[in-house]
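Q: Given next are the chains, with one letter for each unit.
Number of protein chains: 2
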Amino acid sequence: MKRLDTGSAEFEAGFVALLADRETESGRVDKPVAAILEDVRTRGDAAVCELTSKFDRLPLTPDRLRISAEEIDAETAKVPQDQIDALNVAASRIEAFHRAQLPKDMEFTDADGVTLGQRWNALDAVGLYVPGGKAAYPSSVLMNAIPAHVAGVERLAMCVPTPDGVLNPLVLAAAKRSGVTEIYRIGGAQAVGAMAYGTETIRPVDRIVGPGNAYVAEAKRQVFGRVGIDSIAGPSEVVVVADNQNNPRLVALDLMAQAEHDELAQSILITNDTAFGEAVAAAVETELKTLTRSAIASASWRDFGAIITVANWDEAAKLVDRIAPEHLELMLDDPKSVFAKVRHAGAAFLGRFCPEAVGDYVGGPNHVLPTSRTARFASGLSVYDFLKRTTYIAADREALEKIGPAGVTLANAEGLEAHALSISARLGNS
Amino acid sequence: MKRLDTGSAEFEAGFVALLADRETESGRVDKPVAAILEDVRTRGDAAVCELTSKFDRLPLTPDRLRISAEEIDAETAKVPQDQIDALNVAASRIEAFHRAQLPKDMEFTDADGVTLGQRWNALDAVGLYVPGGKAAYPSSVLMNAIPAHVAGVERLAMCVPTPDGVLNPLVLAAAKRSGVTEIYRIGGAQAVGAMAYGTETIRPVDRIVGPGNAYVAEAKRQVFGRVGIDSIAGPSEVVVVADNQNNPRLVALDLMAQAEHDELAQSILITNDTAFGEAVAAAVETELKTLTRSAIASASWRDFGAIITVANWDEAAKLVDRIAPEHLELMLDDPKSVFAKVRHAGAAFLGRFCPEAVGDYVGGPNHVLPTSRTARFASGLSVYDFLKRTTYIAADREALEKIGPAGVTLANAEGLEAHALSISARLGNS
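Chains H and V, in that order, give the protein sequences.
Counting from 1, one number per residue, gives the positions in the first sequence under the numbering used here.
Counting from 1, one number per residue, gives the positions in the second sequence under the numbering used here.
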């Protein structure tokens with residue numbers, strides 16, 4: 001863990017190093033992934049079944065690719081009722097937020113008599129990738145599937161690998177609750193290929209979303225263009241801005257909630273009180289003694305954690321913008337006034353009773369967020385990812401007479417004669 | 001040009017071939033591009049100057065990378081007044097449409113007492129790539145720069161190669177009119193690298209947009225993640241849906257306006273009258289005799305053009321959705337009723353007096369649109385490309401008491417103990 005103070009001469013160098021630290025080269029898996037995609041594209045189901053047998057130790061035939069409704073019901077029946085209840089609370093709140101997010105169509109007629117508009121339509125079909133094994137988070141299923149469902153996507157296909165054939169009941173329950181229409185027991189680049197190109201059994205989709213390992217990320221990169229993809233997530237981070245009126249243990253737990261995700265996760269505390277920062281550092285050490293994921297959280301905190309002392313909250317807001325964190329907590333008396341000064345953050349959590357974990361599960365806004373400084377230009381997953389716009393123009397002769405001549409001039413200046421003629425001939429000028 | 005009829009037994013095979021025809025493999029330029037990017041990243045201005053000397057035959061020093069305000073003024077003074085006037089008409093209309101497109105922030109407090117919201121912020125800095133030579137379209141400068149300016153982007157850097165040092169006055173005039181804040185006389189992968197990584201002279205940007213050749217497209221692909229990029233444009237297409245009440249020559253000109261762009265462009269007429277289709281085919285042949293870009297338009301029409309006869313407009317709307325065209329013209333008595341049935345199109349042009357060329361220049365909506373069937377999942381360029389959302393949650397103790405327990409249950413189910421503790425400790429339960 002690094003200690004930095006904006007009042008120190010070494011601050012700038014230390015802060016720049018903090019931002020650069022986690023820039024890692026992704027592994028080179030482009031060639032094996034290209035081979036898998038080509039295999040799936042040309043041989044379809046047969047390739048998918050062979051690859052699943054090889055990578056997931058699961059012999060499959062095409063008729064068993066899809067997890068049946070009976071299997072789903074049998075598995076979800078195993079989920080304890082309190083988890084089902086919690087899933088419903090989360091799903092309902094995520095639904096409500098994303099419904100509020102739905103954009104409206106727009107149309108107006110301007111002074112020249114031209115009618116202009118834009119109309120939103122849902123994608124026809126979306127593919128949702130869900131990692132298998134330990135990285136299978138039911139909350140991620142909710143966060144990826146519900147916005148698509150709310151947007152109006154009719155076909156929502158999910159792929160989840162089931163190594164050795166083991167199904168994850170809570171993941172299946174989350175899929176069922178979120179409007180997923182079909183689930184396939186496949187993973188890796190072969191699942192991405194199946195969703196992008198289609199096979200005899202799996203119809204192709206228009207966009208693929210959801211987290212995955214390096215192979216899945218590279219496969220999404222390679223099929224991009226044929227289908228849409230979501231952004232490739234990097235390691236996760238949180239910035240907690242806290243004054244000394246907070247309980248150090250609560251701040252420490254929030255920092256550790258980020259750190260326990262991944263050794264590459266980054267947790268940063270910004271405070272205006274060095275002594276408070278030290279109290280938090282001590283509380284972190286205490287918590288690390290007992291946390292079940294202590295090994296991961298310790299490594300993350302040791303390598304990428306930081307406590308930064310600032311002179312005031314304006315300075316804090318400026319640092320936040322330079323970090324452009326995925327998650328921002330403002331544990332202050334007046335969090336809104338500081339939040340108003342921040343431009344770059346994926347999601348913000350305001351007040352002393354709003355830990356980031358609320359946003360992971362039950363807040364309502366999406367937890368799929370821009371990581372690794374990409375909040376400078378990117379946003380969290382939303383209904384917008386599952387909608388697209390068609391703009392339109394309607395003009396009659398009178399309107400074309402008004403705006404057409406300028407178009408003719410520009411078309412001719414660009415040397416595009418047919419463009420110019422298509423307007424001027426309508427006006428009887430050629 | 002292909003003739004297809006939905007009433008024929010061969011229709012389906014012919015239509016599928018029509019969609020597949022233009023699927024081309026992009027050239028393999030990933031290695032030379034990677035080398036150029038690495039060179040620019042490590043050596044900055046020196047690399048950019050050397051590469052510009054090599055590729056554009058233009059010896060440069062770092063102090064000459066940027067085109068000065070005096071040069072811009074001197075060049076734009078050469079533009080004829082009618083072109084300046086036309087540029088102003090186009091720019092004002094593009095501004096008005098994109099201003100209407102600006103989304104509003106959202107906030108609400110729900111029944112549990114949780115305040116939820118999302119806030120839009122502009123990107124800090126955007127890089128605009130403009131091709132040099134013949135492909136330099138002033139209208140593209142307007143269409144890329146104005147949405148960024150309207151969104152509130154403060155820094156709008158443009159790179160335009162000037163082979164042999166030749167500047168394009170109308171391109172510079174368009175940049176000046178659109179709020180571009182700085183212009184560099186560089187192009188290719190080296191320009192993309194300079195904007196993504198920054199050099200001693202050129203500060204890095206957050207997102208790079210604008211069309212370019214295969215090297216530029218590959219460079220954007222490689223810097224994606226460090227910065228945002230726009231979609232990679234493929235060959236362009238139009239579908240014209242027209243009844244026999246239209247002047248065949250006007251329909252022919254609209255088809256040729258698309259075809260004159262590029263040998264890979266695709267122009268498709270859908271009509272309910274085979275004889276009218278033949279009249280349009282004849283009119284195309286007549287126009288091709290005199291068009292200045294006849295060679296390009298002829299090749300495009302010969303290889304990818306099509307006239308499809310349908311039984312009714314419902315059938316037409318279904319075919320449009322399968323094509324998911326970049327541009328859709330509806331030259332019908334009641335274009336709105338057919339448009340209402342279409343889900344997948346980049347931009348639509350309604351009525352007999354609204355050729356697609358209007359949208360290229362003076363309509364107002366953006367002319368940077370999803371090509372090659374990507375309108376299934378993608379949208380045209382817009383203010384959204386230059387904004388990003390921060391979602392937020394505010395909760396007090398009472399609100400956390402209501403929604404927190406479900407979060408604790410799910411966090412524990414996912415094995416994330418610190419997540420659970422960060423909520424339960426605030427509620428005094430751990």
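There's no promise every hint is true.
The list treats identical chains as one, so a pair stands whether inside a single copy or across any two.
Unchecked claim - Okay, derived cross-link-like pairs now, DSSO-like style, lysine-lysine, Cα gap no bigger than 27 Å in a straight line:
| hint | residue 1 | residue 2 |
| --- | --- | --- |
| 1 | K54 | K402 |
| 2 | K31 | K104 |
| 3 | K402 | K289 |
| 4 | K2 | K318 |
| 5 | K402 | K176 |
| 6 | K289 | K176 |
| 7 | K402 | K104 |
| 8 | K2 | K54 |
It should be emphasised that the hints constitute simulated quantities derived from the structure, not laboratory data.
Q: Against each hint, give a clear statement of whether it holds in the structure.
A: Verification of the hints:
In this assembly of identical chains, the alpha carbons of K54 and K402 never lie at most 27 Å apart, being 66 Å within a copy and 47 Å across copies at closest. For a Cα distance limit of 27 Å, the shortest separation of K31 from K104 qualifies neither inside one copy, at 43 Å, nor across copies, at 44 Å. Taking identical chains as interchangeable, the C-alpha atoms of K402 and K289 are never at most 27 Å apart, the minima being 75 Å within one chain and 30 Å between chains. Taking CA atoms no more than 27 Å apart as the test, K2 paired with K318 passes inside one copy only; the shortest distance there is 19 Å, against 60 Å between copies.
In this assembly of identical chains, K402 and K176 lie within 27 Å of each other by CA distance solely across copies; the values are 25 Å between and 55 Å within a copy. Within a single copy, K289 and K176 get their C-alpha atoms no closer than 38 Å, and across copies no closer than 61 Å, so neither meets the 27 Å cut-off. Within a single copy, K402 and K104 get their C-alpha atoms no closer than 29 Å, and across copies no closer than 31 Å, so neither meets the 27 Å cut-off. Within a single copy, K2 and K54 get their C-alpha atoms no closer than 44 Å, and across copies no closer than 45 Å, so neither meets the 27 Å cut-off.
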